[in-house]
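Student: For reference, the chains in residue letters:
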Amino acid sequence: MAKLRNVAIVGFAQAPIVVRDEHRVASEILYPQVRRALADCGVERDAIDYQVAGSADYVDGRPFGFVAALDVTGTWPPRQDLHLEMDAAFAAHYAWIRMQAGDCDTAIVCGYGKNSEGEPEHVLNLELDPYYQAPLGLGPTSTAALQASAFMARTGTTDRTLAEVAARNRTAGVRNPDALVRARATADDLERTPWAVAPLRKGYLAPTGDSAVCVVLATEGKAEKMCERPAWIRGVDQRIERQTLGSRDLSASAGARLAAEKALAMAGVGAREADVVELAATNPAEELILLEALGIGPSDAVNPSGGPLCGHPFMMTGLIRLGEAFRQLAGRAGDHAVPRARTAIAHATLGHCLQQNLFFVLGTERRWT
Amino acid sequence: MKRPVAVVGVGQTQHSSRRADLSIPGLVREAADRALVDAGLDYGDVDAVVMGKAPDQLEGVMQPEQFLAGALGAHLKPLIRVHTAGSVGASTALAAVTHVASGLFDRVLTVAWEKQSEGNAMWALSPNMPFTPPLVAGAGGFFAPYCRAYIARTGCPPHIGPMVAVNARDNATRNDYAHLREPMTFEDVMNSPVLWDPIRYLETCPSSDGAVALVVASEEQARKGPRKPAWIKAGYSYAEAMWVPGRDQVSPMAGKICAKAVYDAAGIKNPWKEIQTIEIYVPFAWFEPMWLENLGFCDVGEGWKIVDRGDQKMGRHLPVNPSGGVLCTNPIGASGMLRLGEAALQVMGRAGAHQVDGARNALGHAYGGGAQYFSMWLVSSER
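So the sequences go chain by chain: A and B.
Reminder that position 149 of the first sequence reads as 149 in the working numbering, one-by-one numbering, no gaps.
Reminder that position 97 of the second sequence reads as 1097 in the working numbering, one-by-one numbering, no gaps.
None of these hints come from the bench; they were simulated from the model.
Note that the structure is a prediction, hence the values are computed from the model and not measured.
Where a beta carbon is used, it is the ideal one built from N, C-alpha and C, also for glycine.
Among these hints, one or two may not hold up.
No more than 30 Å apart at the CA atoms, straight line, and that leaves these computed lysine-lysine pairs for DSBU-like [to be verified]:
1) K225/A / K1002/B
2) K222/A / K1256/B
3) K3/A / K202/A
4) K1224/B / K3/A
5) K1228/B / K1260/B
6) K222/A / K1260/B
7) K1313/B / K1269/B
8) K1305/B / K1273/B
9) K1228/B / K1269/B
10) K1273/B / K1228/B
11) K1256/B / K1313/B
12) K222/A / K1313/B
13) K1002/B / K1305/B
14) K1305/B / K1269/B
15) K262/A / K1228/B
16) K3/A / K1002/B
17) K1002/B / K1269/B
18) K1305/B / K1228/B
19) K1256/B / K1269/B
20) K262/A / K1224/B
21) K1002/B / K1313/B
22) K1260/B / K1273/B
23) K3/A / K262/A
24) K1260/B / K1002/B
Simulated DEER-style distance windows between Cβ atoms [unchecked claim]:
25) E1382/B / R20/A: 55 to 65 Å
26) A153/A / D1042/B: 46 to 56 Å
27) G297/A / M1122/B: 37 to 47 Å
28) K225/A / W1272/B: 38 to 48 Å
29) S247/A / G1267/B: 44 to 54 Å
30) W368/A / G1267/B: 26 to 36 Å
31) R1383/B / K225/A: 31 to 41 Å
32) R1350/B / V19/A: 51 to 61 Å
33) G1246/B / E224/A: 34 to 44 Å
34) D1042/B / P32/A: 48 to 58 Å
35) P32/A / G1246/B: 17 to 27 Å
36) D1357/B / A265/A: 43 to 53 Å
37) R175/A / R1383/B: 28 to 38 Å
38) P77/A / G1358/B: 30 to 40 Å
Construct the entire structure; sequences and hints are all you get.
Tutor: So this is what it looks like as structure tokens:
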């Protein structure tokens, strides 16, 4: 592996996830997060070379929703800028690539967009191709159920196992002050909830909500001055697959497997060495498929934040995973801290049935010396 | 940029108001196939795909790159989707350049497109902002006041807009891919109805179906290629906030700063003397003199005089939009990348009937949002 620039997460701020932030527009929710993230790093906006954001116009149902964010990210005087129509974790990956190109040393990465402005089942139906799949009326719960069925049929995984995976996330989420759902729930409780779409029960699904997120990235030399314990990016990779549901093996995720392999190889660590694994899984079957792709089993290292099952502001859920990994490595995870965490994996996904997957591998130590 | 990056392949579709012969995957594939053939490469050679388009509401498909990944051979590859309003085609190409400059990718396919016939642009481009009465005026209604302010500020006479429109159409007659190629006269433009004062119907860009794809690659790949590459000397994307007291929408600071950054990095001291042709984003005719000033080709108030003298025509000092530009072809998301791709074709010496003689340096430019997003590159025949 060629020597790359060491880049670290040095700041993170997230608005606590709520079902509906009634009195603020998306950019108003974002503004305090930008200010807090910069304040945490002890810098003003002028110290930041680059800004990149991730959001989707259809989340709040209007074109150019991201333009309003320019007004709260300190985009005056004019700044170098980019916006991706993706989960903001992919924007963080792009900022890292830009740092590898030597084009910037510091960056803010923002995610925003009020999920409550639309109906996610209908909004995300529009991601499917407009000729064959979208007209069927498939929403993300229906397609996730197809994937869960395929996974259960191949592996013999039972409803009880899904309930246990969901319950572990819910138990962890009790200790996360930014989570949307903080009520404890046992596997027995969740196994009794009605079907959403079989084999997925209502208690197994990720509740969407409103939030906003800002992450600060910096290269070696600057990172140490902005953060006492930076979380160094040791490896990262992302892969997309073709969309058509019938064209791929839904019982597994070839793209997640490849992205995980590449990111871990770059990082020079195995998945088993990870003390924290934050996965953007929106149901227990997805979590198990992703763990299989990583080559590890379920454990308490997975989603100490409670994961998306305790709050899923989509288009930000992935960036929150990256932020949670930072919190754990930087000693800022408070009540949900994993003691002595030194290596973390953060995951983001886009599309139906884990179509696109991104893995970051982070550590308390620099990768390249 | 850590290492040199070049354009090694350019492909575009036949643009028209309705490509009913193609689905959306067919449209992007037509451009991508042509770019890869041009580069002497195949889909298997591509390390990553960078896609751009304007708001998803234009076709009613959310994040359509997800369903287009298969058509673009992106299965099990990295893919990103860029959206920076009207500037997106240009910022997308520059994101692809960053991928190659990083040293992590050697060959990146970048694609931008719009299939406006599958939606309603006036609806999709009339955002309903909180606390703001909906104008339902589309982009023309939004930008007309900026043109009026330019006229008031500089004394630009009323014949300048029509002159720009006639010249753009004249240029498009020499571009095989252009959407609007029927010649028109000054009188035709003057006799067309005013849509949004001062913008007349024939001073307005069309709604087009179209796509464009570029292959950007490392120096090693560029040296191997079947054709002479276009070297990217510099490229930047800048944005500025909307609600800033004293912000100048007629000549936005983001455009000036972006142009200066590009010229400085490319070693251009006098753009008027050192750049032989430019492809700039002119969706409404009056923006041509406005951008000539904003981009530093002349002093404030002198842009319309360049048009008045005809110095921006083919065969004159600085041919502007030899392809016919956005006024003749406007698949919105692709329009910015078409500017950058056309600039590349000029310095490669492969622009065909609209080739500018002796084009060594060319600027490609796009803007978007409320004149807030600016993205441009300077390409050269010399490394």
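Student: Each hint: holds or not?
Tutor: Verification of the supplied hints:
Under the criterion of a C-alpha separation no larger than 30 Å, the hint pairing K225/A with K1002/B is consistent with the structure, at around 24 Å. Distance restraint check for K222/A and K1256/B: the Cα-Cα separation of roughly 29 Å lies within the 30 Å cut-off, and the hinted pair is therefore satisfied. In summary, the hint linking K3/A to K202/A is not supported, as the alpha carbons are separated by about 47 Å, beyond the 30 Å threshold. A C-alpha spacing of about 26 Å is found between K1224/B and K3/A, which places the hinted pair at or below 30 Å, so the restraint holds.
A C-alpha spacing of about 27 Å is found between K1228/B and K1260/B, which places the hinted pair at or below 30 Å, so the restraint holds. Proximity of K222/A to K1260/B is assessed by CA-CA distance (about 27 Å); at most 30 Å being required, the pair is judged to hold. Simply put, K1313/B and K1269/B have alpha-carbon atoms about 23 Å apart, close enough for the 30 Å limit, and the pair holds. The hinted pair formed by K1305/B and K1273/B meets the criterion: a straight-line CA distance of about 17 Å does not exceed 30 Å.
Between the alpha carbons of K1228/B and K1269/B the distance comes to roughly 26 Å, so the proposed pair stays at or under 30 Å and holds. This hinted pair checks out: K1273/B and K1228/B have alpha carbons roughly 24 Å apart, not beyond 30 Å. Distance hint between K1256/B and K1313/B is fulfilled; the C-alpha atoms sit about 24 Å from each other, no more than 30 Å. Of the supplied pair hints, the one linking K222/A and K1313/B is violated, its CA atoms being roughly 49 Å apart against a limit of 30 Å.
With a C-alpha separation of about 40 Å, the suggested pairing of K1002/B with K1305/B is violated against the 30 Å cut-off. Restraint check for K1305/B and K1269/B: the C-alpha separation of about 22 Å stays at or below 30 Å, so the hint holds. With a CA separation close to 34 Å, the supplied pair K262/A and K1228/B exceeds the 30 Å bound. Using a Cα cut-off of 30 Å, the hinted pair K3/A and K1002/B holds, with the two alpha carbons roughly 13 Å apart.
For the hint pairing K1002/B with K1269/B, the CA-to-CA distance comes to about 23 Å; that is within 30 Å, so the pair holds. Of the supplied pair hints, the one linking K1305/B and K1228/B is violated, its CA atoms being roughly 36 Å apart against a limit of 30 Å. At most 30 Å may separate the alpha-carbon atoms for a hinted pair to count; K1256/B and K1269/B meet this at roughly 14 Å. Between K262/A and K1224/B the alpha-carbon distance is near 28 Å, which keeps this suggested pair within the 30 Å criterion.
Distance check on the hinted pair: K1002/B and K1313/B sit about 37 Å apart at the alpha-carbon level, beyond 30 Å; violated. At roughly 15 Å between alpha-carbon atoms, K1260/B and K1273/B fall within 30 Å of each other, so this suggested pair holds. Annotation: proposed proximity of K3/A to K262/A holds, straight-line Cα distance about 15 Å (limit 30 Å). Using a Cα cut-off of 30 Å, the hinted pair K1260/B and K1002/B holds, with the two alpha carbons roughly 20 Å apart.
At roughly 57 Å, the beta carbons of E1382/B and R20/A sit within the given window of 55 to 65 Å. As the Cβ distance of A153/A to D1042/B is approximately 37 Å, the hint placing it in 46 to 56 Å is violated. Between G297/A and M1122/B the CB atoms are about 54 Å apart, so this pair departs from the stated range of 37 to 47 Å. Look at K225/A against W1272/B: about 43 Å separates their beta carbons, and that is inside 38 to 48 Å.
With their beta carbons about 49 Å apart, S247/A and G1267/B fall inside the hinted range of 44 to 54 Å. Checked against the hint of 26 to 36 Å, the pair W368/A and G1267/B passes, with Cβ atoms roughly 32 Å apart. Checked against the hint of 31 to 41 Å, the C-beta distance between R1383/B and K225/A comes to roughly 37 Å, which is consistent with it. For R1350/B and V19/A, the hinted distance range of 51 to 61 Å is satisfied, since their beta carbons lie about 56 Å from each other.
A C-beta distance of roughly 38 Å is found between G1246/B and E224/A, which places it inside the suggested range of 34 to 44 Å. At roughly 49 Å, the beta carbons of D1042/B and P32/A sit within the given window of 48 to 58 Å. Separated by about 26 Å at the C-beta atoms, P32/A and G1246/B satisfy the suggested range of 17 to 27 Å. In this structure the hint that D1357/B and A265/A lie 43 to 53 Å apart at CB holds, the actual value being about 51 Å.
Judged by the Cβ atoms, the range 28 to 38 Å given for R175/A and R1383/B is violated: they are separated by roughly 57 Å. Look at P77/A against G1358/B: about 37 Å separates their beta carbons, and that is inside 30 to 40 Å.
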